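Asks: Line by line, the protein sequences give chains A and B. Each position in the first sequence, counted from 1, maps to that position plus 527 in our numbering. Each position in the second sequence, counted from 1, maps to that position plus 527 in our numbering.
Since the hints were derived computationally from the structure, they do not count as laboratory data. Careful: at least some of the hints might be erroneous.
Just so you know, same-sequence chains aren't split out, so a pair can sit in one copy or run between any two.
[What the hints assert, rightly or not] The calculated lysine to aspartate or glutamate pairs, modelled on DMTMM-like cross-linking and capped at a C-alpha distance of 20 Å, are:
#	residue 1	residue 2
1	Lys633	Asp603
2	Lys538	Glu840
3	Lys734	Glu847
4	Lys633	Asp605
5	Lys657	Glu834
6	Lys533	Glu548
7	Lys779	Asp865
8	Lys533	Asp573
9	Lys734	Glu877
10	Lys657	Glu743
11	Lys828	Glu698
12	Lys533	Asp855
13	Lys779	Glu866
14	Lys734	Glu826
15	Lys779	Asp741
16	Lys734	Asp833
17	Lys850	Asp881
18	Lys538	Glu822
19	Lys828	Glu626
20	Lys850	Glu548
21	Lys533	Glu834
22	Lys554	Asp881
23	Lys538	Asp881
24	Lys869	Asp747
25	Lys554	Glu810
26	Lys869	Glu588
27	Lys779	Glu548
What you are looking at is a predicted structure, and each value in this text was computed from that prediction instead of being measured.
2 protein chains.
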Amino acid sequence: MSIPTKYDWKKLEDFCSTVLENAGVSKENARIVATSLIEADLRGVDSHGVVRTAIYLERIERGMINPNATVTITSDSDSAVLVDGNNNFGSVVGTKALEIALEKAKRSGVALIGVKHSNHFGTGAYYAKKAIEKDIILLVLSNASQTMPPTGGVRPFIGTNPLAVGVPSGEQSPFILDMATSVVARGKIIVEAQKGNSIPIGWAIDKNGNPTTDAEAALDGSVLPLGGPKGYGISMFIDILAGVLTGAGFGKYVNNMYNNWEEPQNVGHIFLAIDINRFMPIEFFKARMDQYITEIKEEPKAPGVDEIYIPGEIETRRSEERKEKGIDLPLKVAQELDEIGKRYGVSLSEAALDINSIGEVQK
Amino acid sequence: MSIPTKYDWKKLEDFCSTVLENAGVSKENARIVATSLIEADLRGVDSHGVVRTAIYLERIERGMINPNATVTITSDSDSAVLVDGNNNFGSVVGTKALEIALEKAKRSGVALIGVKHSNHFGTGAYYAKKAIEKDIILLVLSNASQTMPPTGGVRPFIGTNPLAVGVPSGEQSPFILDMATSVVARGKIIVEAQKGNSIPIGWAIDKNGNPTTDAEAALDGSVLPLGGPKGYGISMFIDILAGVLTGAGFGKYVNNMYNNWEEPQNVGHIFLAIDINRFMPIEFFKARMDQYITEIKEEPKAPGVDEIYIPGEIETRRSEERKEKGIDLPLKVAQELDEIGKRYGVSLSEAALDINSIGEVQK
């Protein structure tokens, strides 16, 4: 039986949300997790989208995530707060931490929320976008399980600890930077290995710590930090704030979501929120952002370049397009979701897009 | 007449401080600027050390810096402060902003200080070290005049906007990350050009926006951001916080220290200070840092690597060594300082190290 691969984003979100509810997650939390996953698919960060439903479910089923734990505040002040996720979903914990960050920033100007006992929290852009809607500048950091060596090392020690930033603008696209601190995603190396291609020197080292252009050897080794010692330093700083300072895991004490079934991940996050109005009136700030972005976009372009983009601009456009024209899932992902749907009594096919109604995207 | 090239750090600091005083800088501010310069030389960041005395003096002499302006607070709250440097020296303005950041962080947990109307503020490590002494985690950002293109661009638009971080530890070396957001310092390309060497692809583009391995063509073009779009994004974010948010210049409105004699630089900075005690007792934090650093340093090493370092560790050791054994200045720099000394009635030779007293470093 063939399975549709093009889905309506809203219906696909409903599907994921209902599956999670049927797996024992509260209605509210199920919706948060589903929204976060779909947001990634909409923006084109498919690796962080509904493809993760399976592993999220497995972690609930095997007791590695407590989807209905209460997120608590461990220590509190006007601008510094420590939150304990109590091992709920990363996106549930992160959403709660974000709410606190936004509220505190509005009250005191700047707020930094540390989070411990959390899990993989999806894409940072999800939180950045929500902060932008409230006219807040947000910096989000998270640590992650070991994938990169320190400079001079041989094997993974730090994670590709991501950082994300959201800054509102006026007429122009908002500034949304969402990046791992590695040279490239490990997924890119997997793709090159599957194609039998070599990879550029500088992406990875083999298991003995030697630079390699062999994609297979790279997968047995480690992906390298962005820009060598600089990316190593930034990634380590993120681990220090999100892990060492919060009381979460750091280095080898952040457990792998896919391999470790002994204990929770104990991921840590940081949410830094800045109320723009404390520095200048928001409309004035937005006008300055528009000027800045306009001036960048009007710069002369390198050969072969059609347009200069700011961070997040391509993803924001893609999101609009996918809301209109649907989300394409790889057949394998659709099949997996279909299986999951059957297991939890939810029909995936109802989320499929009626392609007759969007004739313009047929090929 | 030959000029000594090895100097006692403290006497060299006194020399710079007295020169600045004689150029009209207050005793207090002269000392701050001199300390900041010497700190860079001690740590081995010679490009930001006493070599800058000449340009600093020229900017005073030509009215581009007001060395005795009062640094004022434009808007104030417990955790968000906007400071107006009123065009004093960057290190004077930065030192004042740092003081406010440390005091506010102790009071409210977290403080973010924005700074406008400043100048080049030296090395970020200078501020990071001072915060570490107070058991505060510091993140410092500054924008800078245009040197890097946006991704897809041809000519410089953003600065190599630096970031610096300081985190205290216990027995281990403190974590001090101090980096520009470019792939390499422009100075490295100058050195390769002088040697007639080529440079690796990815360091720079030529003036037409094409990747180049020709060091001369690179110098006519632009140095590239760290890791392509990622470094471009980080650098732009620093410009947004330090420039757009504070009311300082951003993009092309940050003036070049060496070329622009029409108007002040209008550099902007950000100082984010975090009181560790709000998250966990400082001794507990330091023990966690020591554990983290120890575990990294004990990692297996790549072929040819003797030791794994954390950010700032090499510079901290070098600083101790140079305090003991003296600071070596290139002859050209020593000659320039000697000239400056004569102009301002201060003898450079008195700062020279008596090499008979440190026989062990004679070659």
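Asks: A separate judgement is required for each hint: does it hold in the structure or not?
Replies: Status of the hints after comparison with the structure:
Taking identical chains as interchangeable, the C-alpha atoms of Lys633 and Asp603 lie at most 20 Å apart whether they share a chain (16 Å) or sit on different chains (15 Å). Neither within a single protomer nor between protomers do Lys538 and Glu840 lie at most 20 Å apart by alpha-carbon distance, with minima of 25 Å and 53 Å respectively. Proximity of Lys734 and Glu847 under a CA criterion of 20 Å is satisfied in neither setting, with 42 Å inside one chain copy and 36 Å between copies. For a Cα distance limit of 20 Å, the shortest separation of Lys633 from Asp605 qualifies both inside one copy, at 10 Å, and across copies, at 13 Å.
Taking the shortest alpha-carbon separations for Lys657 and Glu834, neither the intra-copy value of 27 Å nor the inter-copy value of 43 Å comes in at or below 20 Å. In this homomeric assembly, Lys533 and Glu548 never come within 20 Å of each other (Cα to Cα): the closest approach is 23 Å inside a single copy and 72 Å across copies. Taking CA atoms no more than 20 Å apart as the test, Lys779 paired with Asp865 passes in neither setting, with 35 Å inside one copy and 53 Å between copies. For the identical chains of this complex, Lys533 and Asp573 are intra-copy neighbours only, at 14 Å inside a copy versus 58 Å across copies, given an alpha-carbon limit of 20 Å.
Within a single copy, Lys734 and Glu877 get their C-alpha atoms no closer than 46 Å, and across copies no closer than 55 Å, so neither meets the 20 Å cut-off. Taking CA atoms no more than 20 Å apart as the test, Lys657 paired with Glu743 passes in neither setting, with 39 Å inside one copy and 46 Å between copies. In this assembly of identical chains, the alpha carbons of Lys828 and Glu698 never lie at most 20 Å apart, being 22 Å within a copy and 51 Å across copies at closest. Taking identical chains as interchangeable, the C-alpha atoms of Lys533 and Asp855 lie at most 20 Å apart only when both belong to the same chain, with a minimum of 4 Å there against 67 Å between chains.
Proximity of Lys779 to Glu866 under the C-alpha cut-off of 20 Å is found in neither arrangement, the shortest distances being 34 Å within a copy and 55 Å between copies. Proximity of Lys734 to Glu826 under the C-alpha cut-off of 20 Å is restricted to the inter-copy arrangement: shortest distance 13 Å between copies versus 43 Å within a copy. Taking the shortest alpha-carbon separations for Lys779 and Asp741, neither the intra-copy value of 26 Å nor the inter-copy value of 42 Å comes in at or below 20 Å. Taking the closest pair of Cα atoms, Lys734 and Asp833 come within 20 Å of each other only across two copies (18 Å); inside a single copy the shortest separation is 40 Å, beyond that limit.
In the homo-oligomer, the alpha carbons of Lys850 and Asp881 lie at most 20 Å apart inside one protomer (14 Å), although the nearest pairing across protomers, at 74 Å, exceeds that limit. In this assembly of identical chains, Lys538 and Glu822 lie within 20 Å of each other by CA distance neither inside one copy nor across copies; the values are 39 Å within and 47 Å between. Proximity of Lys828 and Glu626 under a CA criterion of 20 Å is satisfied in neither setting, with 40 Å inside one chain copy and 43 Å between copies. With identical chains, the CA atoms of Lys850 and Glu548 are never at most 20 Å apart, being 24 Å at best within one copy and 64 Å at best between copies.
Proximity of Lys533 to Glu834 under the C-alpha cut-off of 20 Å is found in neither arrangement, the shortest distances being 29 Å within a copy and 52 Å between copies. In this assembly of identical chains, Lys554 and Asp881 lie within 20 Å of each other by CA distance neither inside one copy nor across copies; the values are 27 Å within and 77 Å between. Taking the shortest Cα distances, Lys538 and Asp881 sit within 20 Å of each other inside one copy (12 Å), while across copies they are farther apart (79 Å). For the homomeric pair Lys869 and Asp747, neither the shortest alpha-carbon distance inside one copy (36 Å) nor that between copies (63 Å) is at most 20 Å.
Within a single copy, Lys554 and Glu810 get their C-alpha atoms no closer than 37 Å, and across copies no closer than 42 Å, so neither meets the 20 Å cut-off. Proximity of Lys869 and Glu588 under a CA criterion of 20 Å is satisfied intra-copy only: 16 Å inside one chain copy versus 78 Å between copies. In this homomeric assembly, Lys779 and Glu548 never come within 20 Å of each other (Cα to Cα): the closest approach is 32 Å inside a single copy and 52 Å across copies.
Hint check: violations occur at hints 2, 3, 5, 6, 7, 9, 10, 11, 13, 15, 18, 19, 20, 21, 22, 24, 25, 27; the rest are consistent with the structure.
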